[in-house]
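Asks: One line per chain: the protein sequences are A and B, in this order.
Everything in the first sequence is counted per this note's numbering, starting at 96 for the first residue and increasing by one.
Everything in the second sequence is counted per this note's numbering, starting at 15 for the first residue and increasing by one.
Because the hints were derived from the structure by calculation, they are not lab data.
These numbers were taken from a predicted model, which means no experiment stands behind them.
Be careful, since some hints might not be right.
[As the list claims (entries may be wrong)] Each computed BS3-like pair below joins lysine-lysine, with the alpha-carbon atoms no more than 30 Å apart:
1) B:K77 with A:K176
2) A:K174 with B:K77
3) A:K177 with A:K144
4) B:K183 with B:K168
5) B:K77 with A:K177
6) B:K145 with B:K134
7) B:K164 with B:K183
8) B:K193 with B:K178
9) B:K134 with B:K164
10) B:K77 with A:K144
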Amino acid sequence: MASPLEQFEIKPVYPIEVSGYDLSFTNASAFMIGALVLIWLFMFLGMRKAELVPGRWQSAVESIYDFVHGMVDQNIGPKGKKYVPFIFTLFMFILVANVAGLLPYSFTVTSHLAVTFAFAALIFVMCIIIGIARHGIHWFSYFLPPGTPLWLVPLMIFIEIVSFLSRPITLSVRLFANMTAGHILLKVFAGFVISLGLAGGIWSVVAVLPLIMNVALYALELLVAVVQAYVFALLATIYLNDSINLEH
Amino acid sequence: MPKPIIPGLLASLLAAPAFAAPAEEGSGGMPQFDFENVAASQVFWLMISFGLLYLLMRAMLPKVAGVAETRANTIGGDLDAADKARLDADTKQEAYEASLASSRARAQGLIADAKAEAAKANEARMAEADKAAQARLAAAEEELNAAREKALGKLDAIAADATKDIVEKLTGTRPADDKAAAAVASARV
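The following block holds chain A by itself, in its conformation from the complex (with noise of 0.2 Å):
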């Protein structure tokens, strides 16, 4: 039986080697490609006439624009505007990679570290930049929340920094972490499905069981897509918005 583990295996399609790096065309470059065209799709067949009575499909554009543009004018408030293409990006992004993971025999882009922690990097310098650019030497005092005592201070100063040096930690693994369990779960209970199966006799009546399971994980995994997708992007909103609107 194939290992649950197969489907995070990267497959090249068309290799190719620059300098000593291997950056062939794989199954994962296909599903990013995949992503970037059915996004790119879905957008432009949606505002393709851009009515002022909006129908079905260009209504479904504007709402997730909607949703997006709520949630950087909540965090960020009017200076984060410009960032609302970015976060849209990332959040369609990951959204239709997760999404696009689900379907049987398919490539989950997002479960793989190496994405999601560059994504993470991404935000992550994005951060100390626009930090420094907008509140230069004044943006490291982030690190010092006001109104510490004095004697607290080099303790307050470790935690932030630490705190701040996670970020990119927490938000890759997270990502990664929910997107392999779920499909690691999914292909156990199918070995189930099919081990059980072929044993025959009663067996094959209680295969019936870990197909519930799979049912009812599959409903869950589609939650998760979305609600990670929705979690990843709120985060990188809110770490912008400490770099943007420095509270003190």
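We have chain A; now place chain B onto it with these hints.
Replies: Chain B only, in chain A's frame:
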């Protein structure tokens, strides 16, 4: 038959997630942690696809925001126009009601005038008719008097004739006219 199944299942369950090694990769465990072999290509293609998507979205999103803004403006404008139209209608109705009231008042004035004039004309005609009737009444009375006078005059002659006849029957002689007339005149009083 079922005997070997359970241990087999358990073994596959236990073995599968943690230890099953992908056939192609030499290293065991999850492909996700095989960074040396998977990271570079994924990050490279992620940069391409995500970067391209970001540029596309940055180009497309203003249109989405623009539609929403246009819609808000249109709805706001329509509401304003409706408000203005209602105010307009209100003033027009007020003007209409005012003009209605003034013309009603004028009509009432005209009716009153006409009534008064008609009453005056009526009175004049009544007075005239009254006068004419009075005149006719007086003429009729006069005529009546004259007729009576005349009748009374004739009564004297008839009485004298009757006297003469009576006297002739009684005495056999017919008295003279003036004697009879005098006798009638003396008897009447």
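Asks: Evaluate each hint against the coordinates.
Replies: Here is what the structure says about each hint:
1. B:K77 with A:K176: holds, 14 Å
2. A:K174 with B:K77: holds, 20 Å
3. A:K177 with A:K144: Within the cut-off at roughly 25 Å; holds.
4. B:K183 with B:K168: Between K183 (chain B) and K168 (chain B) the Cα gap is close to 22 Å, so the pair holds against 30 Å.
5. B:K77 with A:K177: OK: K77 (chain B) and K177 (chain A) at ~15 Å, within 30 Å.
6. B:K145 with B:K134: Answer holds: K145 (chain B) to K134 (chain B) is near 16 Å, not above 30 Å.
7. B:K164 with B:K183: holds, 29 Å
8. B:K193 with B:K178: Holds. K193 (chain B) to K178 (chain B) sits at ~9 Å (cutoff 30 Å).
9. B:K134 with B:K164: Violated. K134 (chain B) to K164 (chain B) sits at ~44 Å, over the 30 Å cutoff.
10. B:K77 with A:K144: holds, 11 Å
Violated hint for the displayed structure: number 9, the only one.
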